Amino acid sequence: MSNDEKRPHERNEKQFSRRDFLKTTGVATGGILAGSLLGGVVTHFGDSGLKDQEPNGEGGTNETPESQKGNLTDARVFFNRKSDFSTLAAAAERIFPEDDLGPGAISLGVPYFIDKQCHSWWGFNGKNYTDGPHDFEKTPEFGIQEKLNRGQIFKLGLEKMNEIANDEFDGNFWEIDSKDQDEILKKFESNDDDVKMNGVRADVFFSLLRDTTIWGVYADPAYGGNRDMEGWKMIEFPGPRMGWANIIQEEEFHKEAPQSLRTYQGGKM
Amino acid sequence: MAKKLDKVDVVVVGMGWAGGIVSAEMAKAGKKVVGLEKGDHIKREDYIGVKDELRFDNQFQIMQELKKDTVTSRNEIDETALPIRTRKKMQIGANLGGASVHWAGASYRYWPYEFEIRSKTIEKYGKDKIPEDMNLQDWGLTYDEMEPYYEKWEYTAGISGEQDPNAPKRNKPWPNPPLLESPSLRLFKDACKELGHKPFQIAAGNMSENYENPDGEKLNACMYCSYCTRHGCDFDAKSDPLATVIPTAMRHDNFELRTRANVRRVIYDKDSKKATGVLYVDENTGQEYEQPAEVVVLAAFAFTNNRLLMLSDIGEQYDPKTRKGIIGRNFNGQYNNAFAGVRGFFDNKKFNLYAGAGAMGAAITDFAADNFDHTDLDFLGGGAIELRQYGFAAIKSSGNIKSGTPNWGAEYKKESLNYAHRMLQIWYTNNTFSYWHNYVDLDPTYKDEYGDPLLRVTYKFGSGSKEIMEFGVEKCREIMEKMGADHIEEDSIPEEFDHEFSGGHYTGGVVMGEDPETSAVNNYLQMWDVDNLFVVGGSAFPQFGGHHPTPTIGALSYRAAEGVEKYLKDKKPLAKAKKTTKA
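These protein sequence lines are chains A and R, in that order. Per UniProt numbering, the very first residue in the first sequence carries number 1; after that it's consecutive. Per UniProt numbering, the very first residue in the second sequence carries number 1; after that it's consecutive.
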């Protein structure tokens, strides 16, 4: 994380350098705006997916450039800082990694799923009881007690994760070794003293991150994750159907290619 | 300033099974009835085409929003309670039809022993068998008296079942044959038989066949689609008030439904000891209304029934320090010492667990109620042992990992994908009892959106709470071993109640009985103190039976409806008080 992205009150401030700033924002490598964003995406996601967003450099025709095809919903609508989102993507990928069993969180669209969830009533705790007094240290015993809403917890926790990555492994969370990423995640999972935050316990943040990642893997693709139903294919879940009266008594496991809610509701308008 | 409306015969607060039944019966009897429901006017078509695990199972779309109203919770009577803030921790019904819209459908009657549990325990084991901390009470009516009301509810709901070999012989057969049997149910039943138990198919509020109930309401046969518990039914195949008693009530011009009508007070006249009506807010406009009525029926969830009495200053609040007072006393429910059992992982067998229905399952009642000898046991009562095939979608199935497996990362991914369709669970639906230290009252700190105090739950385990659970886990293990699971994991015995309200089965506080010293309502659910106020629903349970509560709530609601009609005719108390339960 570059220094300009840190809040003034944070400890261990690092020396700001122009080179760091340019590297992080991508200003030096591409166009002023689009270049910075696309550079970021490509860097963060590596080979795991979303390649269709790379610019093709062509222009001046009526054809839609490749960069504007595919999932146009793959844009941040909640997380302002790219660093938070990149940390989120890298952490989600460690929680549900790509391997020979199938895709991981990033290519399933989980980071964008979480971004959209944070932007919803759920992220803003719209249906929670929110009156004080609050005591976030009591959460494990009494369930969520934070004053912060889920979206705010995500931002605080992700920022902290990247701070730890920089402090202890000398790199941004999304750039350090997966082994080191796991070590940081485990510190949060166990509410280690090193990762204490003000307002939310680290293990509460971790559970939120973990559970939301799994939702993004397996929720209906309507929400932006479980891309192409690849999550369902892996877990052999057929999706919403009229019913299973025909196979409910069958002894053998019955496997069917999945169908999504869109199909169940009769297809696109 | 509240607008005063024209007086009606009966005003009903809350439109789930309890309120729906009372409304339908009173409408049929020609009474002028107004039904008030604080939630939305949900219709059955609201649940067509929305089979979505995230929306309903993880984000709880049809559960009560807690923004405006929740409960606070603590274990000890001198502790500060904290509010339950999220629906992950607290799932109670909302909207027209109430909790019954999202229920699973498991339909058991309680046992003859359970209705007279105090008398029968003393008779068989002696008075010393009852632990000192337990407020063990008879219900004030017997199973034989309940039987016709159970039957009436079962026929209204169209329950699909078969005779439990241990249960009393039914007067009439179940209205529908049992649901189909899947391999997981067969495996459970075969194992139970080998052990000498008597398994049967769980009676279900999911229709095994197309059905028309005695009121002429039609339901369709269940498709085993699995989007059932926590969901509304896509096919009109799950029995609920939206499919039965509410349309029955609405067929009558003398019934009027008002939704988004949030009742804040029962209007009570201390001099005449009568409830004169209710005060409610129209949640669309904020306008307050006073609805006068000859009879007021509180038919909301147990939390709300208790809280409305407390906010309206009706009856004496229970105080655990003096052990005096009635309202809020004997609060109980199936908290985290119920539904414990074992999980079995099968390395060489996959089940079609994505298919199912809410109450599809098999059970034994050999360890329910007093169906087994308790002489050498350190607890009373029991429950069913069940295997259910609700139908599990992907997020839920991804949690099927053995303990010791990390719950994230590559190993998690491998293990969860492997066991997604290979894990079966069985559990014990045991009784939970009432203890002097468990009760509800108004919270001193936390308020609702109108500034009224939230309800405060004070609950901890008492004598036998853990022992009954340990017993159940052991019995479940024996069955799972016979079923041939390769790995068996026991649910751990919790140290204490964990402030988890996600099971939905919370009852008591306005309990029924025949002694006003220990009960708030008589066996028609009419308040001892206030003749024209009936408090109907789970709030009347003196302790929690060894099965799911809905059929008993349904049966008691029919009983209460009969009581309301009698009261409207005679304007008298419907039962004589007896001094029976006091030690």
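Some hints here could point you the wrong way.
Short, incomplete list of chain R residues facing chain A, as computed with Cβ under 7 Å [claimed, not checked]:
1) L54
2) T70
3) N220
4) Y224
5) Y289
6) K572
7) K576
Calculated directly from the structure, the hints in this document are not laboratory data. Source: prediction; values computed, not measured. Every residue, glycine too, gets a C-beta built ideally from N, C-alpha and C.
- With 7 Å as the cut and Cβ atoms as the points, is N220/R at the interface with chain A? Result: violated, 11 Å to nearest chain A Cβ.
- Message: Can you verify the interface hint for Y224/R: is its Cβ closer than 7 Å to any Cβ in chain A?
- Response: At 5 Å from the nearest chain A Cβ, Y224/R passes the 7 Å test, so the hint holds.
- Query: When the nearest CB of chain A is found for L54/R, is that gap smaller than 7 Å?
  - Reply: Because about 4 Å separates L54/R from the closest Cβ in chain A, which is inside the 7 Å limit, the hint holds.
- K572/R as chain A interface residue, shortest Cβ-Cβ below 7 Å: With a closest approach of 43 Å, the K572/R hint is violated.
- Under 7 Å, Cβ to Cβ, is where Y289/R needs to be relative to chain A, so tell me if that hint holds or is violated. violated, 26 Å
- chain A contact restraint for T70/R - C-beta distance below 7 Å: holds, 4 Å
- Message: Checking hints one by one. Is K576/R an interface residue toward chain A, by the C-beta closer than 7 Å rule?
- Response: violated, 43 Å
Of the numbered hints stated above, those contradicted by the structure are hints 3, 5, 6 and 7, listed in ascending order.
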